[in-house]
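Colleague: Based on the provided sequences and hints, a complete structural model is requested.
First to last, the sequence lines map onto chains U and A.
Take 1 as the starting number for the first sequence in the numbering used here and just add one per residue.
Take 1 as the starting number for the second sequence in the numbering used here and just add one per residue.
Each hint should be verified, as a subset may be incorrect.
Claimed, not checked - Taking lysine to any residue pairs in the SDA-like style, the calculated list, with each CA pair at most 20 Å apart, reads:
1) U:31 - A:23
2) U:178 - U:200
3) U:31 - A:36
4) U:245 - U:279
5) U:211 - U:287
6) U:31 - A:29
7) U:275 - U:2
8) U:183 - A:40
9) U:31 - A:17
10) U:211 - U:200
11) U:126 - U:87
12) U:31 - A:11
13) U:31 - A:27
14) U:126 - U:31
15) U:178 - A:39
16) U:183 - A:32
17) U:31 - A:13
18) U:211 - U:257
19) U:31 - A:39
20) U:31 - A:26
21) U:31 - A:35
22) U:31 - A:22
23) U:178 - A:41
24) U:31 - A:28
25) U:31 - A:32
26) U:178 - A:40
27) U:275 - U:5
28) U:211 - U:130
29) U:242 - U:279
30) U:31 - A:31
31) U:183 - U:22
32) U:276 - U:257
33) U:183 - A:41
It is worth saying that the hints were derived from the structure and are not from the lab.
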Amino acid sequence: MRARRWTQVIATLVANPWFVYFSSRTIYQGKAKGICFPGFNCYACPLALYSCPIGSLQHSFAILSPRVSAASHGARLVAAVKKQAAFPVSAMLYVVGFIGIIGVATGRLVCGWICPFGLLQDLLYKIPTPKVGLPQWMRFGKYFGLVVVAMLIPYITGVNWYSRLCPAGALEGALPLKVLPPKTPLPGVGWFFWLKIAILVGFLAWMVVTKRPFCRAACALGGAYALLTPFSFYRMRVDSAKCTKCGECRHSCPVDINIYENANSVECVRCLSCKKACPEKAVSSGFRLGGEPTGETESGPAA
Amino acid sequence: MSGFIRRMRAPYLLALVFVLMLVTGLMLGGFDKVLGNGIVICLDCIGLI
Chain U
1 MRARRWTQVI ATLVANPWFV YFSSRTIYQG KAKGICFPGF NCYACPLALY SCPIGSLQHS
61 FAILSPRVSA ASHGARLVAA VKKQAAFPVS AMLYVVGFIG IIGVATGRLV CGWICPFGLL
121 QDLLYKIPTP KVGLPQWMRF GKYFGLVVVA MLIPYITGVN WYSRLCPAGA LEGALPLKVL
181 PPKTPLPGVG WFFWLKIAIL VGFLAWMVVT KRPFCRAACA LGGAYALLTP FSFYRMRVDS
241 AKCTKCGECR HSCPVDINIY ENANSVECVR CLSCKKACPE KAVSSGFRLG GEPTGETESG
301 PAA
Chain A
1 MSGFIRRMRA PYLLALVFVL MLVTGLMLGG FDKVLGNGIV ICLDCIGLI
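Modeller: And the structure:
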């Protein structure tokens with residue numbers, strides 16, 4: 001198995017090591033739940049040890065919402081907001097700072113090497129079926145998900161709408177908790193549960209025929225890292241003198257890009273498959289803290 | 001454009017801004033707020049609302 005696949009598997013286990021749940025039927029409630037996991041991993045998963053950065057981001061905006069009231073949002077959320085009344089902006093500062101540091105350091109490297117949901121998509125795409133591409137306009141979906149669904153709407157309504165629709169939440173949280181319920185009684189299954197399952201099934205089917213559709217079209221965390229990719233210290237490079245534009249890079253790419261057109265594309269998940277696949281060894285990568293090396297280009301060969 | 005941004009040291013400024021946000025958030029109790037949210041079963045996440 002390749003190094004990246006091992007890293008993805010190990011990262012998934014690091015994010016979800018709470019196997020005690022199978023015997024105790026209680027979710028982990030220790031200090032680690034105050035730490036955000038850098039990848040997309042649902043904190044409602046009974047095995048999860050860390051918080052989901054997007055779930056935490058939504059919560060941090062929801063507790064700032066002026067619209068939260070017991071009548072509109074129920075006693076549970078209002079009690080949580082009152083408990084967290086001191087410096088409510090601190091959660092937002094913490095979560096945005098955390099996501100920002102990861103993004104500036106590595107761009108979308110986390111998506112390619114760490115994210116459990118990325119691993120799932122990589123594996124499902126290996127199922128031999130006819131494949132289809134992703135329309136370009138759908139790539140804006142992840143920014144809509146980040147800015148509107150994960151930040152603006154929670155601020156306006158006080159409700160975490162991204163979580164309510166999230167297929168990772170359905171797969172890692174809803175299904176396991178219904179199959180193996182915790183000791184704490186949960187409400188019964190309603191129509192929203194089935195909506196989430198329908199969204200999950202839709203995405204799972206899409207993942208079989210299209211390369212990483214959730215990462216490219218819907219992932220708010222990927223959108224946040226993508227916005228920071230142009231500024232990241234970790235850089236991809238293509239040696240314009242060596243590149244023959246043979247297309248091997250795109251063939252191996254999990255997000256279907258030509259690395260020689262824009263070495264630091266916001267879509268690139270820095271999986272380094274192109275680096276391995278390039279027959280001319282024209283692709284390189286690494287942390288660049290100072291000046292650019294000579295003889296290489298970030299944006300592809302000269303015309 | 002990307003090269004221009006890098007020459008302007010924007011990555012360092014951004015990194016500084018995010019580190020300051022993180023540290024300020026932690027000092028003002030952001031960790032406990034994320035923790036308080038994380039240790040309950042997120043009913044939004046599992047659709048049981």
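Colleague: Compare the structure with each hint and give your call.
Modeller: Here is how each hint holds up against the structure:
For the given pair, residue 31 of chain U sits about 17 Å from residue 23 of chain A by alpha-carbon distance, which is consistent with the 20 Å threshold. Taken as a hint, the residue 178 of chain U and residue 200 of chain U pair is honoured in the structure, with Cα atoms around 15 Å apart against an allowance of 20 Å. This hinted pair checks out: residue 31 of chain U and residue 36 of chain A have alpha carbons roughly 10 Å apart, not beyond 20 Å. Restraint check for residue 245 of chain U and residue 279 of chain U: satisfied, since their Cα atoms lie roughly 11 Å apart, inside the 20 Å limit.
For the proposed pair residue 211 of chain U and residue 287 of chain U, the alpha carbon gap of about 27 Å is over 20 Å, so the pair is violated. Only pairs whose Cα atoms come within 20 Å are accepted, and residue 31 of chain U paired with residue 29 of chain A is accepted, the gap being roughly 13 Å. Between residue 275 of chain U and residue 2 of chain U the alpha-carbon distance is near 14 Å, which keeps this suggested pair within the 20 Å criterion. At roughly 13 Å between alpha-carbon atoms, residue 183 of chain U and residue 40 of chain A fall within 20 Å of each other, so this suggested pair holds.
At roughly 26 Å between alpha-carbon atoms, residue 31 of chain U and residue 17 of chain A are farther apart than 20 Å, so this suggested pair is violated. The suggested pairing of residue 211 of chain U with residue 200 of chain U holds, with an alpha-carbon distance near 16 Å, which does not exceed 20 Å. About 47 Å separates the Cα atoms of residue 126 of chain U and residue 87 of chain U, which puts this hinted pair outside 20 Å; it is violated. Between the alpha carbons of residue 31 of chain U and residue 11 of chain A the distance comes to roughly 31 Å, so the proposed pair goes past 20 Å and is violated.
The straight-line distance between the Cα atoms of residue 31 of chain U and residue 27 of chain A is roughly 16 Å, inside the 20 Å bound, and the hint therefore holds. Using a Cα cut-off of 20 Å, the hinted pair residue 126 of chain U and residue 31 of chain U is violated, with the two alpha carbons roughly 38 Å apart. Distance check on the hinted pair: residue 178 of chain U and residue 39 of chain A sit about 18 Å apart at the alpha-carbon level, within 20 Å; holds. Restraint check for residue 183 of chain U and residue 32 of chain A: the C-alpha separation of about 24 Å exceeds 20 Å, so the hint is violated.
The straight-line distance between the Cα atoms of residue 31 of chain U and residue 13 of chain A is roughly 31 Å, outside the 20 Å bound, and the hint therefore fails. Proximity of residue 211 of chain U to residue 257 of chain U is assessed by CA-CA distance (about 11 Å); at most 20 Å being required, the pair is judged to hold. Taking the CA atoms of residue 31 of chain U and residue 39 of chain A, the gap is about 9 Å. The hint holds against a cut of 20 Å. Distance hint between residue 31 of chain U and residue 26 of chain A is fulfilled; the C-alpha atoms sit about 14 Å from each other, no more than 20 Å.
As the CA atoms of residue 31 of chain U and residue 35 of chain A are separated by approximately 7 Å, the hinted pair is consistent with the 20 Å bound. Between the alpha carbons of residue 31 of chain U and residue 22 of chain A the distance comes to roughly 17 Å, so the proposed pair stays at or under 20 Å and holds. Restraint check for residue 178 of chain U and residue 41 of chain A: satisfied, since their Cα atoms lie roughly 12 Å apart, inside the 20 Å limit. For the proposed pair residue 31 of chain U and residue 28 of chain A, the alpha carbon gap of about 17 Å is at most 20 Å, so the pair holds.
Taking the CA atoms of residue 31 of chain U and residue 32 of chain A, the gap is near 9 Å; set against the 20 Å cutoff, the hint holds. At most 20 Å may separate the alpha-carbon atoms for a hinted pair to count; residue 178 of chain U and residue 40 of chain A meet this at roughly 16 Å. Straight-line distance between C-alpha atoms of residue 275 of chain U and residue 5 of chain U comes to about 16 Å, which keeps the hinted pair within the 20 Å bound. For the hint pairing residue 211 of chain U with residue 130 of chain U, the CA-to-CA distance comes to about 12 Å; that is within 20 Å, so the pair holds.
With a CA separation close to 10 Å, the supplied pair residue 242 of chain U and residue 279 of chain U stays within the 20 Å bound. A threshold of 20 Å between alpha carbons decides the hint, and for residue 31 of chain U with residue 31 of chain A the separation of about 9 Å falls inside it, so the pair holds. A hinted pair counts as satisfied when its Cα atoms are at most 20 Å apart, and residue 183 of chain U with residue 22 of chain U qualifies at roughly 11 Å. Proximity of residue 276 of chain U to residue 257 of chain U is assessed by CA-CA distance (about 15 Å); at most 20 Å being required, the pair is judged to hold.
This hinted pair checks out: residue 183 of chain U and residue 41 of chain A have alpha carbons roughly 11 Å apart, not beyond 20 Å.
Hints 5, 9, 11, 12, 14, 16 and 17 from the earlier list are contradicted by this structure; the remaining hints agree with it.
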